[in-house]
Amino acid sequence: MDLDHARTVAVEAAEAAGALIREGTRRALRVHAKGTAGDMVTDLDLASEKLLLERILTAFPSHAVIAEESGLNGSAGGEWTWLVDPLDGTNNVAIGLPAYVVGVALCRAGLPQLGVVHDPVSGQTWSAVRGGGALASSGGRLSAPYAPSPHGPLLAWIQGYGIARDDPTVLRLKAALDLNARRVLQLWTPLLSWAMLARGDIDGIVGYRTGVVDLPAGALLAQEAGIEIRALDGGPYDECVRGAADVRSYVAAHPRALPGLLALLQ
Numbered sequence: 001m002d003l004d005h006a007r008t009v010a011v012e013a014a015e016a017a018g019a020l021i022r023e024g025t026r027r028a029l030r031v032h033a034k035g036t037a038g039d040m041v042t043d044l045d046l047a048s049e050k051l052l053l054e055r056i057l058t059a060f061p062s063h064a065v066i067a068e069e070s071g072l073n074g075s076a077g078g079e080w081t082w083l084v085d086p087l088d089g090t091n092n093v094a095i096g097l098p099a100y101v102v103g104v105a106l107c108r109a110g111l112p113q114l115g116v117v118h119d120p121v122s123g124q125t126w127s128a129v130r131g132g133g134a135l136a137s138s139g140g141r142l143s144a145p146y147a148p149s150p151h152g153p154l155l156a157w158i159q160g161y162g163i164a165r166d167d168p169t170v171l172r173l174k175a176a177l178d179l180n181a182r183r184v185l186q187l188w189t190p191l192l193s194w195a196m197l198a199r200g201d202i203d204g205i206v207g208y209r210t211g212v213v214d215l216p217a218g219a220l221l222a223q224e225a226g227i228e229i230r231a232l233d234g235g236p237y238d239e240c241v242r243g244a245a246d247v248r249s250y251v252a253a254h255p256r257a258l259p260g261l262l263a264l265l266q
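When the sequence shown is numbered by my numbering, its final residue is 266 and no position is left out of the sequence of numbers.
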């Protein structure tokens with residue numbers, strides 16, 4: 001498997017989808033309810049997903065693709081599976097907030113090998129291949145800095161769908177963050193948070209039972225930029241996307257900042 005070729009395919013597909021979304025936001029959107037928890041989907045999600053599926057399955061017809069809106073496409077049970085989030089930040093698009101991205105990841109036996117995040121608003125694309133570092137659109141390598149602030153860390157909070165408002169773990173974690181962090185961002189676009197962490201714009205991410213489609217591309221990007229991810233209790237983090245939702249709870253930060261962030265949550 002030529003991961004550099006796969007990166008090229010993924011970057012070109014994500015950027016084409018981003019152009020489609022960017023153009024679509026200039027017109028009135030058709031918004032539809034999705035599920036019973038207040039989530040939504042737009043025609044742009046569907047059009048972007050269609051483009052991404054066509055590009056990926058044309059280039060890799062023997063692979064499987066799990067997409068946010070349509071689920072499994074292609075051949076199931078194989079070694080290689082793509083995860084596609086055609087519009088991460090649909091709720092932001094629906095209210096006119098320019099914070100949304102396109103995410104594509106490629107996994108081998110459930111372990112992320114390639115991640116691409118494209119921001120249609122800024123026109124920037126970030127990508128990573130396992131063991132090969134993380135790259136910006138310019139071709140420069142991303143390296144997350146360690147820059148502690150005396151006023152506390154700037155963090156992003158990510159949680160999965162369907163989490164009850166009175167979930168005791170959520171209440172405890174958010175209370176700790178509100179008390180100790182300088183700022184806590186809830187962007188409604190997890191992949192953008194991961195890109196910000198990889199670039200050094202924020203100091204860490206705390207995630208609780210997060211979604212699977214919008215996780216691996218961003219997490220791999222951040223890891224290849226030097227970010228470390230741990231389970232909430234400080235133990236090892238299971239990167240395999242085939243795990244249960246409760247496994248996808250984590251703390252991510254620069255290795256030198258991680259002990260303090262874990263202590264903050266306790």
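Simulated from the structure, these hints should not be mistaken for laboratory data.
Certain hints may be false.
Stated by the list, open to error - Ranges of calculated distance between the beta carbons of each label pair, as one might list FRET restraints: (1) S137 with M1: 39 to 47 angstroms; (2) R183 with P259: 18 to 26 angstroms; (3) P98 with P236: 32 to 40 angstroms; (4) L29 with N180: 16 to 24 angstroms.
If you're wondering where the values come from, they're calculated on a predicted model, not measured in any experiment.
Every residue gets a Cβ at the ideal spot worked out from N, C-alpha and C, and that includes glycine.
- Task: Can you let me know if the beta-carbon spacing of L29 and N180 is within 16 to 24 angstroms?
- Result: Since L29 and N180 have Cβ atoms about 38 angstroms apart, the given range 16 to 24 angstroms is violated.
Would you say the C-beta atoms of P98 and P236 sit inside 32 to 40 angstroms of each other? At roughly 37 angstroms between Cβ atoms, P236 and P98 fall inside 32 to 40 angstroms, so the hint holds.
message: Range first: 39 to 47 angstroms. Now tell me if the beta carbons of S137 and M1 are that far apart.
response: With a Cβ separation near 24 angstroms, S137 and M1 fall outside 39 to 47 angstroms, so the hint is violated.
Holds or violated: the 18 to 26 angstroms window for the beta-carbon distance between R183 and P259?
Holds - the Cβ-Cβ distance for R183 and P259, about 21 angstroms, lies within 18 to 26 angstroms.
Of the numbered hints given earlier, the model fails hints 1, 4; all others are met.
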